[in-house]
Amino acid sequence: MGVHLFAHSSIASSSKLHLIPKARMPPRRKPASATTSAATSALPSTVTSAATSRSPSPEPRQPFRFFDLPSELRLRIYEEVLLVHDTLDLEPSNYRRILPRLALFLVSRRMHEEAYRVFYAQPLRLFPVHGRFFYTKKPLLQRLPPPYRAAVNTIELRLGPGWTKPPRCQDTWREELGLQDCSNLRKVKIMVEIDTSDSIFLGFRGQNATEDTYKFFCLELLRGLLVRVPSLETVEIDAYSGVKKDSPLVMALRRLVQSERSSIRLTWGPLRGWEKEGDEAGEIGLERAMAGLGLGSASASASTSVVPTSASQQQNAARIVRVQA
Numbered sequence: 001m002g003v004h005l006f007a008h009s010s011i012a013s014s015s016k017l018h019l020i021p022k023a024r025m026p027p028r029r030k031p032a033s034a035t036t037s038a039a040t041s042a043l044p045s046t047v048t049s050a051a052t053s054r055s056p057s058p059e060p061r062q063p064f065r066f067f068d069l070p071s072e073l074r075l076r077i078y079e080e081v082l083l084v085h086d087t088l089d090l091e092p093s094n095y096r097r098i099l100p101r102l103a104l105f106l107v108s109r110r111m112h113e114e115a116y117r118v119f120y121a122q123p124l125r126l127f128p129v130h131g132r133f134f135y136t137k138k139p140l141l142q143r144l145p146p147p148y149r150a151a152v153n154t155i156e157l158r159l160g161p162g163w164t165k166p167p168r169c170q171d172t173w174r175e176e177l178g179l180q181d182c183s184n185l186r187k188v189k190i191m192v193e194i195d196t197s198d199s200i201f202l203g204f205r206g207q208n209a210t211e212d213t214y215k216f217f218c219l220e221l222l223r224g225l226l227v228r229v230p231s232l233e234t235v236e237i238d239a240y241s242g243v244k245k246d247s248p249l250v251m252a253l254r255r256l257v258q259s260e261r262s263s264i265r266l267t268w269g270p271l272r273g274w275e276k277e278g279d280e281a282g283e284i285g286l287e288r289a290m291a292g293l294g295l296g297s298a299s300a301s302a303s304t305s306v307v308p309t310s311a312s313q314q315q316n317a318a319r320i321v322r323v324q325a
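When the count follows UniProt numbering, it moves up by one through the sequence shown with no breaks and lands on 325 for the last residue.
Be careful, since some hints might not be right.
[What the hints assert, rightly or not] The following label-pair restraints were derived from C-beta to C-beta distances: (1) Thr164 to Ser108: 46 to 54 angstroms; (2) Arg186 to Ser57: 51 to 59 angstroms; (3) Glu72 to Thr210: 53 to 61 angstroms; (4) Pro92 to Glu72: 31 to 39 angstroms; (5) Glu260 to Val81: 32 to 40 angstroms; (6) Val107 to Glu176: 27 to 35 angstroms; (7) Pro270 to Val81: 21 to 29 angstroms; (8) Glu275 to Glu176: 47 to 55 angstroms.
[What the hints assert, rightly or not] For lysine-lysine, the following DSS-like pairs were computed, each having C-alpha atoms within a straight-line distance of at most 27 angstroms: (9) Lys165 to Lys138; (10) Lys165 to Lys189; (11) Lys137 to Lys165.
Since the hints were derived computationally from the structure, they do not count as laboratory data. Just so it is clear, the structure is predicted and the values come from calculations on it, not from any experiment. Each residue gets a CB set at the ideal place from its N, CA and C atoms; glycine is no exception.
Assemble the whole structure, with the sequences as input and the hints as a guide.
Encoded structure:
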């Protein structure tokens, strides 16, 4: 009797465990109607096969075989993609102007070997001129690895920025600068922005500085280039409009090139057009600037120094004197 009650109670408890509320039971599926099944079965199989045959799967596109092109065409493509048509330098805009182009270096090893030679064949500024990087300890050339330095063939040297106190990085005799690795360097472009030997800089040259202090500093920069780069072939000298062709700094640079390396070809840059005969007078100095504008006593002194040469000029000068009298 006890056994029977135990079994009955166990059955009851098990039945209670398996009870599922009615709200939780999944809804029953409605059987498909005869009309739907008949319409589906009535579709012919030829319609499905015809629709499939009209839209074949597209064939996978093969990658373009770039290296099958002739080397001349590949070189032209590299130039269109990599050249920035400006001097390479440390500038804040490099992340937007130059960084996207360098992604070409990461395509493959072979493309990197061909592309970096084209990119670094552009003119490279030896010392930065932007204010953000002007006092940096590492110029652009120093940051490049030796293979990239060997691809550089043109360097630009600007003379004038920071003339009162040049940065310490402006030293061409330093081993860390990496000029000894520039085995393919052929041309140096010198841009003279100012010549501190002019009288307008009197009182602004700094303590214990003379009119020749910055000139000797510039000559030492050029001498380091001539000594440390034996592959150099051409030196191009250009200047802003305030610097004359016969200014002390330009003449000293010219004499240094001719004395140190007589085999180097000396040329004049396109900005001033000094290749032509003669030289346009460089307008530097406050007195000459005021004389050109006709301001102050400088214009009076300049007008008295002008001597009329032709007969018509003498007649015009006489008329002006009569009117003033």
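Here is what the structure says about each hint:
The hinted range of 46 to 54 angstroms is satisfied by Thr164 and Ser108, whose Cβ atoms lie roughly 49 angstroms apart. Between Arg186 and Ser57 the C-beta distance comes to about 56 angstroms, which sits within the given range of 51 to 59 angstroms. In this structure the supplied range 53 to 61 angstroms holds for Glu72 paired with Thr210, their Cβ-Cβ distance being about 55 angstroms. Taking the beta carbon of each, Pro92 and Glu72 are about 36 angstroms apart, inside 31 to 39 angstroms as hinted.
The given range of 32 to 40 angstroms is respected by Glu260 and Val81, whose C-beta atoms sit roughly 39 angstroms from each other. Between Val107 and Glu176 the CB atoms are about 31 angstroms apart, so this pair conforms to the stated range of 27 to 35 angstroms. Between Pro270 and Val81 the C-beta distance comes to about 26 angstroms, which sits within the given range of 21 to 29 angstroms. The supplied range of 47 to 55 angstroms is broken by Glu275 and Glu176, whose beta-carbon atoms lie about 37 angstroms from each other.
Our distance criterion of 27 angstroms between C-alpha atoms is met by Lys165 and Lys138, whose separation comes to about 17 angstroms. Under the criterion of a C-alpha separation no larger than 27 angstroms, the hint pairing Lys165 with Lys189 is consistent with the structure, at around 22 angstroms. Only pairs whose Cα atoms come within 27 angstroms are accepted, and Lys137 paired with Lys165 is accepted, the gap being roughly 15 angstroms.
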